[in-house]
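*Asks:* Below, each chain spelled out in residue letters.
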Amino acid sequence: EAQVTQNPRYLITVTGKKLTVTCSQNMNHEYMSWYRQDPGLGLRQIYYSMNVEVTDKGDVPEGYKVSRKEKRNFPLILESPSPNQTSLYFCASSLTGGLSGNTIYFGEGSWLTVV
Amino acid sequence: GQNIDQPTEMTATEGAIVQINCTYQTSGFNGLFWYQQHAGEAPTFLSYNVLDGLEEKGRFSSFLSRSKGYSYLLLKELQMKDSASYLCAVTMYSSASKIIFGSGTRLSIRP
Chain F
1 EAQVTQNPRY LITVTGKKLT VTCSQNMNHE YMSWYRQDPG LGLRQIYYSM NVEVTDKGDV
61 PEGYKVSRKE KRNFPLILES PSPNQTSLYF CASSLTGGLS GNTIYFGEGS WLTVV
Chain G
1001 GQNIDQPTEM TATEGAIVQI NCTYQTSGFN GLFWYQQHAG EAPTFLSYNV LDGLEEKGRF
1061 SSFLSRSKGY SYLLLKELQM KDSASYLCAV TMYSSASKII FGSGTRLSIR P
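So the protein sequences, as listed, match chains F and G.
Under my numbering, think of the first position of the first sequence as 1, with each following residue one higher.
Under my numbering, think of the first position of the second sequence as 1001, with each following residue one higher.
In short, the hints are calculated from the structure, not lab data.
Small disclaimer: the values here were computed from a predicted structure and weren't measured.
Don't be surprised by glycine CBs; every beta carbon is placed ideally from N, CA and C.
It is possible that some hints are incorrect.
[Claimed, not checked] Label-pair ranges, simulated between beta-carbon atoms: (1) F:7 - G:1067: 38 to 48 Å; (2) F:84 - G:1010: 23 to 33 Å; (3) G:1054 - F:69: 40 to 50 Å; (4) G:1077 - F:28: 36 to 46 Å; (5) F:70 - G:1014: 41 to 51 Å; (6) G:1021 - F:5: 33 to 43 Å; (7) G:1008 - F:63: 21 to 31 Å; (8) G:1051 - F:115: 47 to 57 Å; (9) F:83 - G:1067: 39 to 49 Å; (10) G:1054 - F:63: 41 to 51 Å; (11) G:1065 - F:113: 38 to 48 Å.
[What the hints assert, rightly or not] So these bits of chain F aren't anywhere near chain G, every CB distance computed over 12 Å: (12) 11; (13) 12; (14) 19; (15) 20; (16) 26; (17) 67; (18) 69; (19) 70; (20) 71; (21) 72; (22) 73; (23) 84; (24) 114; (25) 115.
Next comes chain G alone, as it looks inside the complex (with noise of 0.2 Å):
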């Protein structure tokens, strides 16, 4: 079967650097997407990682080890707007179609 596990909720302080896990276990692993989501708005991209290691966007980062089944988004000098959901998606090389999500975790800053 299909599985994504990410935390249900985080906290972080403002200014600080925080690191946001998911797992997986997929049959046919192609890739994997990391959307910010905020209360009651659309899901928007953040990164898509399909090769091991570290891809660096500004403040934000992603890694992944397909090996491990493994990847992590990591947000630096977090700001008050950071406060979000995070969702993790795997997609399927033997399906163009299937795109999985994870639940999701919610990240709160506080000052």
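Looking at chain F on its own, in the form it has when it is part of the complex (with noise of 0.2 Å):
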């Protein structure tokens, strides 16, 4: 079956203390992405990639970082947490990016709370 898999699912965390939201595909999919979603803003590209080791920015970078090691994993990492990231995070995958209409799979998402 088709997946993206992300987990925490829900986590509280302090500022501050870093942490590392996994994702995984199983489709062999080129090009990941994760995304955020907060009231009124829908889904904000964070980072992506459009294959190992080629990672680059999207609208709202700050505060986050990624890697792309292997194909099938897209780590967000949060170096140092802070309340503004307090948000639903979406990881998602596709076979090329936007082009051709390649469906866009997305993971469960993560809710994330920064106290």
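Mind assembling these two chains? They're in different frames, but the hints should get you there.
*Replies:* Shown next, in the form of structure tokens:
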């Protein structure tokens, strides 16, 4: 079954404590991306990756890091979380990104609260 | 700049038809997605339009006019389970990585 799996699904953490949200896909997709979703703002792209070792900033990259050492995994790292990073996070993947209308598959989301 | 506009909220009656509009201003437009998202869940794919015209998939249809920067999603025979947010997203041919989502339209279905 085609899946994008992200963990943890729910997390409450404290300001400044480093955390990593993992993301894994089983479809051999080249393109992976992280979004955050906040009320009234829709989905905003944080970082994306077109292939292994190729990553780039999206629209809201400040305070986040990513890595793509393997094709299937794309972890999101918050080195020093702050309360304004409290949000719902989605990992997504597709065959080759937005071109050709390749379906974008989303993970189930990670609810992150920073206190 | 890039901009996508959708109504924030809509309400419709079970069994009726509703049209959700999306207008966009982007450079290098390639195509447009529609996604459905139930509260607290992941978005799921509904349609992708790259050519002008109407594409029908069961109760859902999506229309695109490239010259007008306009799309709509048409939902027929509304069911209570159609209560959800509907997101339009545009892709650019200049960048396969760039997929810009609108803020979404929250649709409520009343009996």
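*Asks:* Does residue 20 of chain F clear chain G by more than 12 Å, comparing its Cβ with all Cβ atoms of that chain?
*Replies:* 20 Å, holds
*Asks:* Could you check that no beta carbon of chain G comes within 12 Å of the beta carbon of residue 70 of chain F?
*Replies:* 19 Å, holds
*Asks:* Since residue 11 of chain F was said not to touch the interface, does its Cβ keep a gap of more than 12 Å from each Cβ of chain G?
*Replies:* Correct as stated: the minimum Cβ-Cβ distance to chain G is 15 Å, above 12 Å.
*Asks:* Is it true that the C-beta distance of residue 84 of chain F to residue 1010 of chain G lies inside 23 to 33 Å, as the hint says?
*Replies:* Holds, at about 30 Å.
*Asks:* Should the hint that residue 1051 of chain G and residue 115 of chain F are 47 to 57 Å apart at their CB atoms be regarded as holding?
*Replies:* 49 Å, holds
*Asks:* Please verify that the nearest CB of chain G lies beyond 12 Å from residue 69 of chain F's CB.
*Replies:* Per Cβ check, residue 69 of chain F is outside 12 Å of chain G; nearest 19 Å; holds.
*Asks:* Confirm or reject: residue 72 of chain F is not an interface residue toward chain G, with every Cβ-Cβ distance exceeding 12 Å.
*Replies:* Non-interface label stands for residue 72 of chain F: nearest chain G Cβ at 18 Å, farther than 12 Å.
*Asks:* Please confirm whether residue 26 of chain F is truly not at the interface, meaning its C-beta sits more than 12 Å away from all C-beta atoms of chain G.
*Replies:* Given that every Cβ of chain G is farther than 12 Å from that of residue 26 of chain F, nearest at about 15 Å, it holds.
*Asks:* Between residue 1077 of chain G and residue 28 of chain F, does the beta-carbon spacing fit 36 to 46 Å?
*Replies:* The hinted range 36 to 46 Å holds for residue 1077 of chain G and residue 28 of chain F, with Cβ atoms some 37 Å apart.
*Asks:* That 38 to 48 Å hint for residue 1065 of chain G and residue 113 of chain F (C-beta), does it hold up?
*Replies:* For residue 1065 of chain G and residue 113 of chain F the Cβ distance comes to about 42 Å; the hint holds.
*Asks:* Between the beta carbons of residue 70 of chain F and residue 1014 of chain G, is the distance compatible with 41 to 51 Å?
*Replies:* 47 Å, holds
*Asks:* Beyond 12 Å from every chain G Cβ: check whether that's true for residue 115 of chain F.
*Replies:* Given a closest Cβ separation of 20 Å, the condition holds.
Violated hints for the displayed structure: none, as all numbered hints are satisfied.
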